[in-house]
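Here is what each chain is made of, one letter per residue.
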Amino acid sequence: MAPVVDRLKTEYESVVDFRIINVDSDPEGAELADGFGLQFVPSFIFLGRDGSQQDLLVGEVSEDQMRATLDALKQ
Amino acid sequence: MKRSQSIALAIGAAVIVVAVITLSSGTPPPGLIGNSEFVRLSEEGARVVDVRTAAEFAGAHIEGAENIPLGDLPQVAEGWDRTEPVVLYCAVGDRSDSAAELLQSMGFERVYDLGDGIAQWDGALAGGAQTASTEPPQVAPSDLPVMYEFYTDW
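Residue numbers (our numbering), protein chains in the order written: chain B, 10 to 84; chain D, 798 to 951.
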């Protein structure tokens, strides 16, 4: 997933705040993942400007699917 | 009948015999499997191995699975019976694919891989998944919408 996320991060960095967390090496990040109730990695959580969860994608996600979710998020 | 026709018929017959034996035994051929084949193999006593990390396993896992993270598998599997079926799974199928290749290279004869991983599992789960908080976690504020990616090195 890294190349896709890196590409989208570059493209969307002015409109979406990307936070990339390795749950193995980041204990606070792992705690946050638990807080979201995540069971699987990779998982992608999308929060609106008000902090509310707008979407959740799990597993290998296509670039098109992620792009569509980001486009919906930034509106 | 020409010789080439006889050979073709013999090959066709052999393929049919193998297919009938496989179907009648109810056991799928080694390789990628789906949820229903996973259940069948598990009920038949296959060794079920979750190759994700210990933290992922603790979060939720398929009932009856043992946790052998991919990095530990070569050493642990050394002591296993190579003729017994082994069913592998991970989150979405990447690590279990690597694990299947590894076991096959070690001489295991019946290696099965839940290709879509636990992410597409439609059966019961064990572990701490049910303990997740219902309250949304506190996150660092941002002026922008936020996308979190949670991943592991594997």
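These are calculated hints, taken from the structure and not from any lab test. As the structure is a prediction and not an experimental result, all values here were calculated from the model. Every residue, glycine too, gets a C-beta built ideally from N, C-alpha and C. Treat the hints loosely; a few may be bogus.
[Claimed, not checked] Chain D side only, calculated, beta carbon under 10 Å to chain B, not exhaustive:
id	residue
1	L829
2	N832
3	S833
4	R849
5	E853
6	A857
7	V889
8	D891
9	S895
10	F905
11	D913
12	A916
13	P938
14	D940
15	P942
[Unchecked claim] Simulated DEER-style distance windows between Cβ atoms:
id	chain 1	residue 1	chain 2	residue 2	range
16	D	N864	B	E40	18 to 24 Å
17	D	V836	B	R58	41 to 47 Å
18	D	G904	B	E40	37 to 43 Å
19	D	E906	B	Q84	50 to 56 Å
20	B	G44	D	D919	22 to 28 Å
21	B	Q74	D	S939	20 to 26 Å
22	D	A852	B	D59	26 to 32 Å
23	D	E881	B	Q84	51 to 57 Å
24	B	T19	D	G868	29 to 35 Å
25	B	D33	D	S902	24 to 30 Å
26	B	R58	D	E841	21 to 27 Å
27	B	E20	D	E898	32 to 38 Å
28	B	S71	D	G831	17 to 23 Å
29	B	T19	D	G831	32 to 38 Å
Here's how the hints hold up against the structure:
Given hint, D/L829 at the interface with chain B, is violated; its Cβ is 15 Å from that chain's nearest Cβ, farther than 10 Å. With its C-beta approaching chain B no nearer than about 15 Å, D/N832 sits outside the 10 Å limit, and its interface hint is violated. Interface restraint check for D/S833: the shortest CB-CB distance to chain B comes to about 20 Å, outside 10 Å, so the restraint is violated. For D/R849, the suggested interface contact is upheld, since its CB lies about 8 Å from the closest CB of chain B, less than 10 Å.
For the restraint placing D/E853 at the interface with chain B, the shortest Cβ-Cβ distance is roughly 7 Å, inside the 10 Å limit, so the hint holds. Given the 10 Å rule on beta carbons, the hint for D/A857 holds: about 4 Å separates it from the nearest Cβ of chain B. The closest approach between the C-beta of D/V889 and any C-beta of chain B is roughly 4 Å, which is under the 10 Å cut-off, so the hint is satisfied. Among the interface hints, the one on D/D891 holds; its C-beta lies about 8 Å from the nearest C-beta in chain B, closer than the 10 Å criterion.
Among the interface hints, the one on D/S895 is violated; its C-beta lies about 14 Å from the nearest C-beta in chain B, farther than the 10 Å criterion. Interface restraint check: D/F905 against chain B, minimum CB-CB distance 26 Å, threshold 10 Å, status violated. Restraint check, D/D913 versus chain B: the minimum CB separation of about 8 Å is within 10 Å; hint holds. Evaluation of the D/A916 hint against chain B yields a held restraint, the C-beta minimum of about 4 Å falling below 10 Å.
Proximity of D/P938 to chain B holds as hinted, the smallest CB-CB distance being about 7 Å (cut-off 10 Å). A least Cβ separation of about 7 Å between D/D940 and chain B falls short of the 10 Å threshold, and the interface hint therefore holds. Because the smallest distance between the Cβ of D/P942 and any Cβ of chain B comes to about 4 Å, under 10 Å, the interface hint for this residue holds. Distance hint for D/N864 and B/E40: a CB-CB separation of about 20 Å, consistent with the stated range 18 to 24 Å.
For the pair D/V836 and B/R58, the supplied restraint of 41 to 47 Å holds, since their beta-carbon distance comes to about 44 Å. Against the hinted window of 37 to 43 Å, the Cβ-Cβ separation of D/G904 and B/E40 comes to about 41 Å, which satisfies the hint. For D/E906 and B/Q84, the Cβ-Cβ distance of about 54 Å falls inside the hinted range of 50 to 56 Å, so the restraint holds. B/G44 and D/D919 have their C-beta atoms about 25 Å apart, which keeps the hinted 22 to 28 Å range intact.
Taking 20 to 26 Å as the suggested C-beta distance range, the pair B/Q74 and D/S939 conforms, at roughly 23 Å. Taken as a hint, the range 26 to 32 Å holds for the pair D/A852 and B/D59, whose Cβ atoms sit roughly 30 Å apart. For D/E881 paired with B/Q84, a C-beta distance near 54 Å keeps the hint of 51 to 57 Å intact. Taking the beta carbon of each, B/T19 and D/G868 are about 32 Å apart, inside 29 to 35 Å as hinted.
Remark: the range hint 24 to 30 Å for B/D33 to D/S902 is upheld by a beta-carbon distance near 26 Å. Checked against the given bound of 21 to 27 Å, the beta carbons of B/R58 and D/E841, roughly 52 Å apart, lie outside it. One distance hint, 32 to 38 Å for the beta-carbon pair B/E20 and D/E898, holds here, with the actual separation near 34 Å. At roughly 21 Å, the beta carbons of B/S71 and D/G831 sit within the given window of 17 to 23 Å.
Distance hint check for B/T19 and D/G831: the Cβ-Cβ separation is about 37 Å, which falls inside the suggested range of 32 to 38 Å.
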